[in-house]
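S.K.: Let's have the full structure, built from the sequences with the hints guiding it.
Top line first, the protein sequences correspond to chains A and B.
Counted from 1, the first sequence has number 145 at position 145 by this note's numbering; the numbering is strictly sequential.
Counted from 1, the second sequence has number 1215 at position 215 by this note's numbering; the numbering is strictly sequential.
You can take every hint at face value.
So the derived label-pair ranges between C-beta atoms look like this:
{"#": "1", "chain 1": "B", "residue 1": "Ile-1171", "chain 2": "A", "residue 2": "Arg-67", "range": "53 to 61 angstroms"}
{"#": "2", "chain 1": "A", "residue 1": "Asp-141", "chain 2": "B", "residue 2": "Thr-1219", "range": "21 to 29 angstroms"}
{"#": "3", "chain 1": "B", "residue 1": "Arg-1292", "chain 2": "A", "residue 2": "Gly-47", "range": "21 to 29 angstroms"}
{"#": "4", "chain 1": "A", "residue 1": "Gly-79", "chain 2": "B", "residue 2": "Leu-1284", "range": "19 to 27 angstroms"}
Sample of chain A residues with no beta-carbon within 10 angstroms of chain B, all distances over it, derived:
{"#": "5", "residue": "Gly-20"}
{"#": "6", "residue": "Gly-22"}
{"#": "7", "residue": "Ser-31"}
{"#": "8", "residue": "Thr-52"}
{"#": "9", "residue": "Asp-74"}
{"#": "10", "residue": "Leu-78"}
{"#": "11", "residue": "Trp-133"}
{"#": "12", "residue": "Leu-136"}
{"#": "13", "residue": "Asn-176"}
{"#": "14", "residue": "Met-181"}
{"#": "15", "residue": "Ile-209"}
{"#": "16", "residue": "Val-216"}
{"#": "17", "residue": "Arg-222"}
Rather than coming from a laboratory, the hints here were simulated on the basis of the structure.
Glycine included, C-beta positions come from ideal geometry on N, C-alpha and C.
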Amino acid sequence: MPSVLAVLTIMISLDQVSFGYGGRETLAGLSADIPAGSFHFLTGPSGAGKTTLLKMLYLEHLPQDGRLSLLGLDPAGLGQREITRLRRRIGVVFQDFRLLDHLSVAENIALPLRVAGKRPEDHAADVSDLLNWVGLTHRMDALPPQISAGEKQRAAIARAVINAPDLILADEPTGNVDPEMGNRILRLLIELNRLGKTVVVATHDMRLIRAAKGAVQARILRLTQGQLMLGGSEL
Amino acid sequence: MALAWLRRDGPPIVPNRGWAALLTGVTAAAMGFLAVLSLAAGIAAGRLAQTWQAELAEVATVSITAERTALDPLIDRAVEVLRTTPGIALVKVLSAEEHAALLEPWLGEAARIEDLPAPWLIEVELDGAGPDIPALQARLDASAPGARYDDHQAWRGPLADAADALETLAITATGLVVLAAAGMIGLAAQATLAGNAEVVRVVRLIGAEERYILHAFITRIALRGLIGGGIGALAGAGALALLPETGEAASAGLSLAPGPGATLALVAAVPLGTMAVAILASWLAIRAELRRMP
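M.R.: Structure, rendered in structure tokens:
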């Protein structure tokens, strides 16, 4: 039985977690602990299960076997409302951005506030600061189809952190941007980690991992054929 | 203000697009139109039944069949019996001209009651529950043989039954219109949700509760139900106004239009009804879909 302190300092705990689609096992008996405030790269070839694992971590899927603990809570024992509350403590950056095309950049960034029942006008300064932080103040009124992939990804990062989440999950955040923009996005994620956020970045981009060397104390989780082959090796 | 976009409610999270949005409005309009017509028919049938019941319940007729030469004394004796019977307020012997007016639609202007083997009529206005009919008929038989009391029940009953059946039919038709509209709007709501599956997935993942998503969709669908229903109800009221006048028959409760007050009430109430149907149908459909989503 882990101590209370250990539970509080472990942000994500996987204990023999398995998941599959249509009878085919994608993740098989994964076990790992991710401490609070850490920075992890989740790597592996395409089809290894990185996105599936991230979907489990942002609660789009629940484990079919084993036990998952997120922020000290077991999602399998939570009702829909508690799952929603837990999701609000997790910021997600999707590879395909998933911005709502009919809302402006600023409206997209403020969306988590709205869905959480907060009044966006009470957080105007936060939105303004975030727009400035990701360098999109001049594009705040633009619609997603009118901006570049790099700008979309930075808007997605701002949206992921507007609710001050404890955990930030990024799925191939540099997959659709050029190397220079990739470095800029990496710097944003590293900055968030320095602010105390736990960051997990799923990527198969080794250039990105090399670029992080020296800038952040990160660890690597390597997924191969549904197995964590290299659990938490140092960068 | 630079951040004017941060207005209180913010822009809708559900984009206003797609054929499903149009289908909801068109279905609500069709429902509004048909509901006004069927409810108007129900109101007209109800009024007809009420009018006939009331008017016919207040009057009765005594018909006297006899040779023309023997008729006057029989009429006098029958009138005497009627005037002394409790439950009868007024007794009026129809004149030859009034008999001619009754026969004119069938026999023409030249018809003369005196020349025909037709019974002579005495009109009776009733008081309260009316007379004790068997006792009255017995007294008439004794004093004025050939006099027959008719409370119109023989044809009043079937007519009132027919009007009641018409009213039931109209209410049933309204119910079917509501059910059909609910089904269509429910399907349109499901299609709206399917067309916005990505929006729903995103807002769920960033922390939207089920009721937030329901509210976001249903407010749009309810508005379409209200506006569509309003347009349909106005069109229905217009169609009622275009119905041909029934002239004198209107005074007998035979008008097909429900009257200005009732029409106005229908135009006000039907859009609220279509909105309520849209809310309920879309709530059920979207909630079921959301529960199926991860």
